[in-house]
Amino acid sequence: MLEFSKVKIWSIIAVLVAGVIFSLPNFFSEKQVDAWPDWAPSARMNLGLDLRGGSHILLEANADTLARANLDKMEDDALSELRRAEGGAITVGDVSNRGGRVSFLVRNVDEVDRAVDLLRNLSLPIGVTGQRSFNVEVADGNRIVLTQTSAGRVQAMNSAMTQAVEVIRRRIDELGTREPTIIRQGAERIVVQVPGLQDPSALKELLGKTAQLEFKLVDFDADPSDIAAGRAPAGSQILPMSDTGQPIAVKRRAIITGDQLIDAQQTLQQGQWVVSFRFDSTGSRRFARVTQENVGKPFAIVLDNRVISAPNINEPILGGSGVISGSFNAESSNELAILLRSGKLPVELKVVEERTVGPDLGADSIRSGTIASIIAVAAVVGFMLITYGRFGFYANIALVLNVFLIIAVMSLMGATLTLPGIAGFVLTIGATVDANVLINERIREELRKGVRVRQAIENGYKMASGTIWDANITNVIAAVIMMWLGSGPIKGFAVVLTIGIITSVFTAVTVTRLMVVLWLRRARPASITI
Amino acid sequence: MRLFKMIPDNTNLPFMKWRFWAVGISAALLVASVGVFFAKGLNFGVDFAGGLMIEVGFEQPADLDDLRGKVNSLGIGEGSIQEFGAPEIVSIRLPLPEGEDDEAVQRVVTSVQQSISGDYPDANFRRVETVSGKVSGELVRDGTLAAGLAMLAVAAYIWFRFEWQFGVGGLVSLIHDVFLTIGFFAWTQLEFNLNTVAAILTIIGYSLNDTIVNYDRIRENLRKYRKMDIVPLLDLSINEMLARTTMTSVTMILALGALVIWGGDVLFGFSVAMLLGIFIGTFSSIYIAGPLLLWMGVSPNTFVAPEVANAAAGAERTGNG
Numbered sequence: 001m002l003e004f005s006k007v008k009i010w011s012i013i014a015v016l017v018a019g020v021i022f023s024l025p026n027f028f029s030e031k032q033v034d035a036w037p038d039w040a041p042s043a044r045m046n047l048g049l050d051l052r053g054g055s056h057i058l059l060e061a062n063a064d065t066l067a068r069a070n071l072d073k074m075e076d077d078a079l080s081e082l083r084r085a086e087g088g089a090i091t092v093g094d095v096s097n098r099g100g101r102v103s104f105l106v107r108n109v110d111e112v113d114r115a116v117d118l119l120r121n122l123s124l125p126i127g128v129t130g131q132r133s134f135n136v137e138v139a140d141g142n143r144i145v146l147t148q149t150s151a152g153r154v155q156a157m158n159s160a161m162t163q164a165v166e167v168i169r170r171r172i173d174e175l176g177t178r179e180p181t182i183i184r185q186g187a188e189r190i191v192v193q194v195p196g197l198q199d200p201s202a203l204k205e206l207l208g209k210t211a212q213l214e215f216k217l218v219d220f221d222a223d224p225s226d227i228a229a230g231r232a233p234a235g236s237q238i239l240p241m242s243d244t245g246q247p248i249a250v251k252r253r254a255i256i257t258g259d260q261l262i263d264a265q266q267t268l269q270q271g272q273w274v275v276s277f278r279f280d281s282t283g284s285r286r287f288a289r290v291t292q293e294n295v296g297k298p299f300a301i302v303l304d305n306r307v308i309s310a311p312n313i314n315e316p317i318l319g320g321s322g323v324i325s326g327s328f329n330a331e332s333s334n335e336l337a338i339l340l341r342s343g344k345l346p347v348e349l350k351v352v353e354e355r356t357v358g359p360d361l362g363a364d365s366i367r368s369g370t371i372a373s374i375i376a377v378a379a380v381v382g383f384m385l386i387t388y389g390r391f392g393f394y395a396n397i398a399l400v401l402n403v404f405l406i407i408a409v410m411s412l413m414g415a416t417l418t419l420p421g422i423a424g425f426v427l428t429i430g431a432t433v434d435a436n437v438l439i440n441e442r443i444r445e446e447l448r449k450g451v452r453v454r455q456a457i458e459n460g461y462k463m464a465s466g467t468i469w470d471a472n473i474t475n476v477i478a479a480v481i482m483m484w485l486g487s488g489p490i491k492g493f494a495v496v497l498t499i500g501i502i503t504s505v506f507t508a509v510t511v512t513r514l515m516v517v518l519w520l521r522r523a524r525p526a527s528i529t530i
Numbered sequence: 001m002r003l004f005k006m007i008p009d010n011t012n013l014p015f016m017k018w019r020f021w022a023v024g025i026s027a028a029l030l031v032a033s034v035g036v037f038f039a040k041g042l043n044f045g046v047d048f049a050g051g052l053m054i055e056v057g058f059e060q061p062a063d064l065d066d067l068r069g070k071v072n073s074l075g076i077g078e079g080s081i082q083e084f085g086a087p088e089i090v091s092i093r094l095p096l097p098e099g100e101d102d103e104a105v106q107r108v109v110t111s112v113q114q115s116i117s118g119d120y121p122d123a124n125f126r127r128v129e130t131v132s133g134k135v136s137g138e139l140v141r142d143g144t145l146a147a148g149l150a151m152l153a154v155a156a157y158i159w160f161r162f163e164w165q166f167g168v169g170g171l172v173s174l175i176h177d178v179f180l181t182i183g184f185f186a187w188t189q190l191e192f193n194l195n196t197v198a199a200i201l202t203i204i205g206y207s208l209n210d211t212i213v214n215y216d217r218i219r220e221n222l223r224k225y226r227k228m229d230i231v232p233l234l235d236l237s238i239n240e241m242l243a244r245t246t247m248t249s250v251t252m253i254l255a256l257g258a259l260v261i262w263g264g265d266v267l268f269g270f271s272v273a274m275l276l277g278i279f280i281g282t283f284s285s286i287y288i289a290g291p292l293l294l295w296m297g298v299s300p301n302t303f304v305a306p307e308v309a310n311a312a313a314g315a316e317r318t319g320n321g
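Chains Y and H are the protein sequences, given in the same order.
At position 347 of the first sequence the residue is numbered 347 (my numbering), and the sequence of numbers has no breaks.
At position 277 of the second sequence the residue is numbered 277 (my numbering), and the sequence of numbers has no breaks.
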């Protein structure tokens with residue numbers, strides 16, 4: 001136990017030196033570290049939002065509305081496929097999409113098989129299980145029923161969420177905030193973390209909007225009393241005006257949507273804030289055609305099912321660009337421009353959790369956490385020194401080295417230090433010390449039994465190791481479970497605890513033993529005070 | 001140089017003689033904890049109850065009554081408004097708004113903030129936390145699951161490393177620790193949140209650490225003194241480890257004491273729970289984990305493979321005969 005080969009000694013020293021070097025960037029400001037040469041370490045621990053201030057927002061997708069939208073799309077795709085069928089359109093009737101499935105009657109019973117074939121080809125195979133995005137079944141001879149499969153639903157949610165993360169990133173980038181973190185969490189959630197953001201209301205405004213822009217024709221045939229009562233004629237719908245809330249009837253079918261926009265900007269026009277937009281080439285052609293066909297009629301500009309304005313088409317708009325005017329101010333026109341530029345969210349998102357910490361509280365937490373840690377270390381160091389003398393001194397060096405090692409490992413891993421993480425630091429101090437207490441008490445026992453110095457120390461390390469091992473394994477088990485199941489603060493705490501326990505076994509057992517051995521070789525003491 | 005020793009060498013306290021008293025007190029505390037838990041419940045923070053928490057800092061000591069009036073007049077339920085660590089800092093807690101609308105809570109935050117900023121332009125919103133009912137439910141589930149799994153996993157580890165009696169002994173003392181800690185939170189009505197769960201999990205780790213250290217020595221002595229009665233053997237083992245137990249507890253108390261006093265208000269509940277856990281954990285590793293071994297019939301033969309034990313018994317008989 002007391003033998004150390006040269007190789008071993010130097011590797012231990014190398015690890016410790018590396019630990020100190022890689023922890024260094026954390027003790028200097030970012031500017032100073034940037035000025036260091038390239039080969040110098042620059043990775044540092046991330047500070048959690050609770051320490052640096054900022055906003056943490058958890059968004060959840062609305063699975064119901066997504067399923068609903070997918071059902072509508074399935075219906076549209078299926079019906080248009082049958083309309084455009086090669087060898088003649090297949091006429092259908094009695095279409096319904098209640099109860100999570102699309103069903104319709106094929107007029108001509110002889111065409112059922114052809115329709116089923118066409119629709120089966122329309123569904124997409126998913127993964128390796130052979131499941132398809134939806135199932136096609138025939139009921140009562142000529143009724144076709146389309147149901148979405150579970151794999152299809154998962155797939156739809158997956159692609160919607162991947163897209164949503166992108167849209168959110170574009171929206172947040174537009175706000176000009178620094179280094180946001182946007183991570184998908186689980187099947188239906190997205191975590192957004194924006195450091196340094198003190199007032200997240202603008203951010204939440206941006207995240208909570210689907211931003212689906214549609215241009216729809218106003219329905220003039222609707223009876224005003226029907227509109228007031230909320231009854232829409234077939235093929236139309238009643239939507240509220242976004243400023244007054246007044247209902248207006250518009251055609252259900254959009255003549256063009258925001259999907260084809262390539263740019264949107266806020267602009268001042270005659271003292272009024274408006275949003276100017278431009279379509280891509282397909283969008284431009286389509287926009288030109290519908291405006292040509294509908295000169296003199298008003299069309300509604302609809303955002304998320306609220307009508308922003310319903311201007312008259314005075315002349316065909318051929319250039320593919322136009323403006324949206326409404327009762328905008330500088331802020332709301334900018335918001336709309338951002339929303340339109342970054343595209344619509346494929347799924348409705350809502351905020352289910354928010355944690356915002358102001359910079360004051362963060363700074364207070366860093367200060368009190370640091371003070372508490374320093375006092376804790378000082379108290380423990382003093383106590384170890386008066387109890388174990390030289391051996392306490394070695395334990396204290398191990399303690400300090402352990403702090404460096406934890407910081408180095410966290411920096412290299414890019415781990416995040418949170419306020420509970422600081423508490424984890426303080427607890428690790430306890431764990432490091434406990435190992436040395438076990439060893440030192442064992443040495444004392446051996447000496448009391450009359451064992452000679454060298455042997456007593458050897459026995460002390462050997463016999464305490466098993467206990468230290470068992471005790472720390474159980475702690476790691478608890479910490480790993482915390483990391484796995486815990487959220488937010490628990491995770492931050494568990495990360496430090498796990499790293500700290502592992503490094504503490506190294507410093508408290510191996511490193512102190514090395515120090516003791518080197519001392520024994522040099523001094524060859526006949527008796528020791530412990 | 002003379003070093004400081006808290007526990008004199010060769011201390012020999014008859015721990016097991018007091019076991020009935022100790023276990024009796026523990027049982028009484030357990031019953032009390034369960035009683036308080038059901039009578040008062042826990043003061044759940046937003047993490048577990050859902051709702052919102054706003055921490056506001058002012059330039060001057062805050063007028064709590066005025067703030068209370070303001071918040072209650074918004075018609076969003078009875079707010080709990082308290083000083084938070086300093087007279088200038090106030091925490092405002094509001095329950096989840098009624099109804100299923102997840103975004104209602106966001107609107108409440110905005111209206112509270114506007115109402116306060118209107119009258120106190122110097123108000124500084126230090127912290128805003130909102131947790132919807134669904135998320136808080138999941139946090140409760142995950143927290144409970146984490147604590148339960150951690151206990152089972154470590155008990156399994158002890159069983160694997162020692163014997164089943166030790167696993168059961170460890171598990172029961174952990175349950176004891178967790179119940180008493182929760183009882184303490186119910187009694188003091190300190191806020192129970194995610195940090196508290198982290199504290200409980202750490203207490204589990206620490207208490208177990210202590211239990212294992214004692215068990216390790218008990219196992220060692222069982223192998224060493226094969227003729228010794230179990231009661232004096234437990235006493236001997238605990239006494240041998242007493243210096244270490246005290247030493248480690250004191251260093252932990254020093255470290256945690258620093259956190260309680262200087263660690264700031266956010267960590268206060270966490271640190272207090274941990275500090276309490278050190279006492280409970282040390283106690284249970286002696287008085288719950290120890291006597292349980294006794295009652296489950298641990299003896300020197302526990303650590304000898306059955307055939308060896310039989311052979312030894314046979315040899316003794318032959319020797320006698």
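In case anyone wonders, no lab produced these hints; they're calculated from the structure.
One or more hints might be untrue.
Derived lysine-lysine pairs resembling DSS-like cross-links, with alpha carbons at most 25 Å apart [as the list claims (entries may be wrong)]:
| # | chain 1 | residue 1 | chain 2 | residue 2 |
| --- | --- | --- | --- | --- |
| 1 | Y | K462 | H | K17 |
| 2 | H | K134 | H | K5 |
| 3 | Y | K462 | H | K224 |
| 4 | Y | K8 | H | K224 |
| 5 | Y | K209 | Y | K251 |
| 6 | Y | K31 | Y | K209 |
| 7 | Y | K350 | H | K134 |
| 8 | Y | K73 | Y | K350 |
| 9 | Y | K297 | Y | K350 |
| 10 | Y | K462 | Y | K8 |
| 11 | H | K134 | Y | K209 |
| 12 | Y | K449 | H | K134 |
| 13 | Y | K462 | H | K5 |
| 14 | H | K224 | Y | K491 |
To give an idea of the interface, some chain H residues facing chain Y are shown, with a C-beta separation under 8 Å as derived from the structure [claimed, not checked]:
| # | residue |
| --- | --- |
| 15 | G75 |
| 16 | G77 |
| 17 | T110 |
Owing to the predicted nature of the structure, the values given are computational and were not obtained by experimental measurement.
We treat Cβ as the ideally placed atom computed from N, Cα and C, and that holds for glycine.
List of violated hint numbers, smallest to largest:
1, 2, 4, 6, 9, 12, 14, 15, 16
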